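**Q** With the sequences and hints as input, model every part of the structure.
Those sequence lines, one after another, are chains S and L. Read the first sequence against this note's numbering and you will find it ends at 255, with the numbers running on by one and no gaps. Read the second sequence against this note's numbering and you will find it ends at 259, with the numbers running on by one and no gaps.
To be clear, the hints were calculated from the coordinates, so they are not data collected in a lab. Among these hints, one or two may not hold up.
[Claimed, not checked] Straight line, CA to CA, 30 Å or less: simulated DSS-like cross-link-like pairs of lysine-lysine:
# : chain 1 : residue 1 : chain 2 : residue 2
1 : L       : Lys187    : L       : Lys130
2 : L       : Lys212    : S       : Lys154
3 : L       : Lys115    : S       : Lys154
4 : L       : Lys103    : S       : Lys55
5 : S       : Lys143    : L       : Lys16
Owing to the predicted nature of the structure, the values given are computational and were not obtained by experimental measurement.
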Amino acid sequence: MTPRFVRSFSPLVAILFVILIWYVLALIFPPYLFPGIGVTVNKIVGFYQQGILLKNVYLTSIRMVYAFISALILGVLTGILMGYFRTIEIMVKPLIFIIQTIATVVWCFFSVIWFGLSEFAVIFVVFIIGYPIIAINVWEGVKAMDLSLEDMAKSFGVNGAQVIRGITIPSILPHLFAGIRSSVSYCWKILILAELVVGNSGIGYALYFAWEQFRVPEVFGWVVVMIALMLGSEYLLIRPIEAYLMRWRPKRGEV
Amino acid sequence: MKSICVRNLRKVFENKRGECLTVLDGINFEVDPGEFTCFLGPSGCGKSILLQIIANLVPPTSGEIYIGEASSEMKECTIGFVFQNPRLIPWMTVEGNIEYILKTKKMSRLEREEKISGVLTTLDLYDFRKYYPHQLSGGMQQRVSIARVLAYDAGIILMDEPFSHLDEITARTLRRELVDLWRQTRKTILFVTHDILEACFLGSKIILLTPKPTQISRVMSINLSHPREYGNEELFSKEREVLIAFEDSLYQRGKRINE
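**A** Here it is, written out as structure tokens:
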């Protein structure tokens with residue numbers, strides 16, 4: 001058994017390890033190739049003083065929220081419908097696979113062609129990447145459901161809405177959260193790319209702008225901000241919600 | 001008035017190649033209110049399907065089922081099911097599981113809570129009301145599922161080999177408890193099993209089923225007084241009697257195949 005404090009600090013340990021490697025690499029390479037920690041932190045403080053840190057974090061996050069929430073809602077709906085209705089499954093499955101095979105850059109191009117260099121174009125690219133991941137996971141969740149519980153509920157005359165709330169949704173939760181986690185981490189990465197290709201603001205665009213001018217410490221600064229956002233969404237938002245919703249689950253070594 | 005009346009019940013399954021499999025081949029029986037009826041038959045004879053049809057979970061191919069009297073109060077007509085596996089919802093606590101099915105009834109929150117703590121006390125589960133199913137033993141889980149059916153206040157309780165997954169010692173305890181509950185509440189119970197001694201220990205009537213295509217081969221009444229005791233001479237002689245009849249009913253299929 002891993003001691004409790006090691007488990008709860010494991011992300012911190014990982015971060016410290018990365019910082020150590022960064023420190024060593026920065027000693028070896030010149031700052032214009034691999035800027036050190038101090039320089040990078042200075043740049044981030046600089047972003048804050050110029051007011052572009054919070055502005056870009058806000059812009060990027062809000063796009064993420066719009067894109068991801070719509071991918072979540074539509075993905076869950078699609079997954080449940082695919083799981084329950086064979087006809088929908090047969091019709092939608094190939095579409096989802098086609099969406100997944102198209103490269104992200106191609107979606108960026110399509111998005112610009114259809115929606116111009118707009119806010120919506122960025123959100124669309126992120127949505128189209130996140131949506132199939134959620135849909136497929138939920139669909140698998142419905143397929144893997146324990147039907148005997150539904151039968152039990154029916155034998156006691158529990159109505160359809162109650163069955164969905166009490167049995168269907170909780171039983172697909174583990175699959176849904178697996179989908180949410182991989183979908184969120186993809187979406188962040190795609191969002192940076194989309195902002196870079198399609199957008200004219202946000203962290204992705206700022207990063208691109210710094211790179212074009214070969215201001216490497218600024219590039220590093222934005223990357224660190226990006227990583228902080230991704231880790232924050234995972235450890236401060238998704239994991240606590242998941243742990244709360246799955247609190248009934250047997251813990252290892254508890255039974 | 002009969003509690004359940006089944007007339008010419010047939011169930012035929014058809015597979016994708018159009019082949020028909022007759023599972024129930026003309027079942028007729030009646031059950032009096034408050035009777036404890038055991039259905040005894042070999043594995044795979046369609047005992048479970050019979051209960052599922054009575055519970056309206058599976059439609060029959062033909063035949064009629066009358067439950068209670070159309071005019072009698074609804075409570076008499078409600079059916080509760082105890083399955084082979086407890087079928088508890090793993091993310092709900094013991095009391096949550098019971099509350100979930102009570103929400104189908106027009107009860108106030110307070111009435112529900114009273115009902116739940118009442119049945120949990122009866123079944124010695126009150127201290128475990130906040131536990132999740134995975135924290136309970138198999139026997140306790142099945143007890144929760146019996147508590148659930150009691151709380152539901154069904155006039156008729158269908159039980160599909162509820163003790164077959166338990167070890168014999170636990171099963172005996174639960175059988176005794178079930179008999180006590182039945183004597184207190186006088187519910188109509190339909191109990192499916194392939195265990196002859198279990199049927200003799202519990203039932204006031206045994207309905208013997210033949211192998212597929214299933215028909216009723218014999219109806220035997222068990223006139224032993226409760227509480228019955230394991231190791232009791234009368235119970236054993238009854239068991240022998242039922243065993244002989246059971247062997248006969250296995251042979252009846254042979255006769256039909258030879259015809």
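**Q** What hints, given by number in increasing order, does this structure fail?
**A** 4
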